[in-house]
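Asks: Sequence:
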Amino acid sequence: MTTDVFSPEKRSAVMRRVKGRDTSPELAVRRVLRAAGIGYRLGGQGLAGRPDLTMKGRRVAVFVHGCFWHGHDCPRGSRKPKANADYWGGKIARNRARDARSAETLTADGWRVVIVWECDLRTPDFAARLVAEIKGQAASTSEVEG
Numbered sequence: 001m002t003t004d005v006f007s008p009e010k011r012s013a014v015m016r017r018v019k020g021r022d023t024s025p026e027l028a029v030r031r032v033l034r035a036a037g038i039g040y041r042l043g044g045q046g047l048a049g050r051p052d053l054t055m056k057g058r059r060v061a062v063f064v065h066g067c068f069w070h071g072h073d074c075p076r077g078s079r080k081p082k083a084n085a086d087y088w089g090g091k092i093a094r095n096r097a098r099d100a101r102s103a104e105t106l107t108a109d110g111w112r113v114v115i116v117w118e119c120d121l122r123t124p125d126f127a128a129r130l131v132a133e134i135k136g137q138a139a140s141t142s143e144v145e146g
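In the UniProt record's numbering, the protein residues as written are 1 to 146.
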């Protein structure tokens, strides 16, 4: 018996509509950077993990992660699906492993990796912390944490 309120076909259709780019969190990060006068490029083609935003001159790669999809340690990210739990647990674990490999490869290639979590967007000082991290003025952390 499934605890999902949708049929498997409906759930599949819903999941297909989940966007991979131009998400609300990504657009919010782009607005902050644009307002701060920080230029960026989209997509990161040719770079490990295809970062959401890149600043080639600064050698900064920005990943905007959804808390659920990338297994963040926050209430939203630690929520475990009841339906098809084995599949989702494995998928999130694979996403986390891929994220770690991408960050390691980029760092080894001389890039600074900044990870922005979806839940961070709700913190009052998010914009200032993100701009400081991008400009290299923040502490030596690679995540903008709330």
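Bear in mind the hints are in silico, worked out from the structure with no lab data behind them.
All of these numbers come straight from a predicted model, not from anything done at the bench.
A portion of the hints provided could be inaccurate.
Below, simulated BS3-like cross-link-like pairs (lysine-lysine); rule was C-alpha separation at most 27 Å, straight line [claimed, not checked]:
1. Lys80 / Lys91
2. Lys56 / Lys10
3. Lys135 / Lys80
Beta-carbon label-pair distances, calculated as ranges [unchecked claim]:
4. Pro81 / Ala108: 19 to 27 Å
5. Ser12 / Arg96: 37 to 45 Å
6. Arg34 / Thr107: 20 to 28 Å
We put the beta carbon where it would ideally sit given N, CA and C, even for glycine.
Asks: If a hint holds in the structure, say so; if it doesn't, say that too.
Replies: Outcome of the hint check:
For the suggested pair Lys80 and Lys91, the alpha carbons sit about 12 Å apart, so the restraint of at most 27 Å is met. Restraint check for Lys56 and Lys10: not satisfied, since their Cα atoms lie roughly 41 Å apart, outside the 27 Å limit. In summary, the hint linking Lys135 to Lys80 is not supported, as the alpha carbons are separated by about 36 Å, beyond the 27 Å threshold. With their beta carbons about 34 Å apart, Pro81 and Ala108 fall outside the hinted range of 19 to 27 Å.
Between Ser12 and Arg96 the beta carbons are some 23 Å apart, a value that contradicts the proposed interval 37 to 45 Å. The supplied range of 20 to 28 Å is met by Arg34 and Thr107, whose beta-carbon atoms lie about 26 Å from each other.
Violated hints, listed in ascending order, are 2, 3, 4, 5; each of the other numbered hints is respected by the structure.
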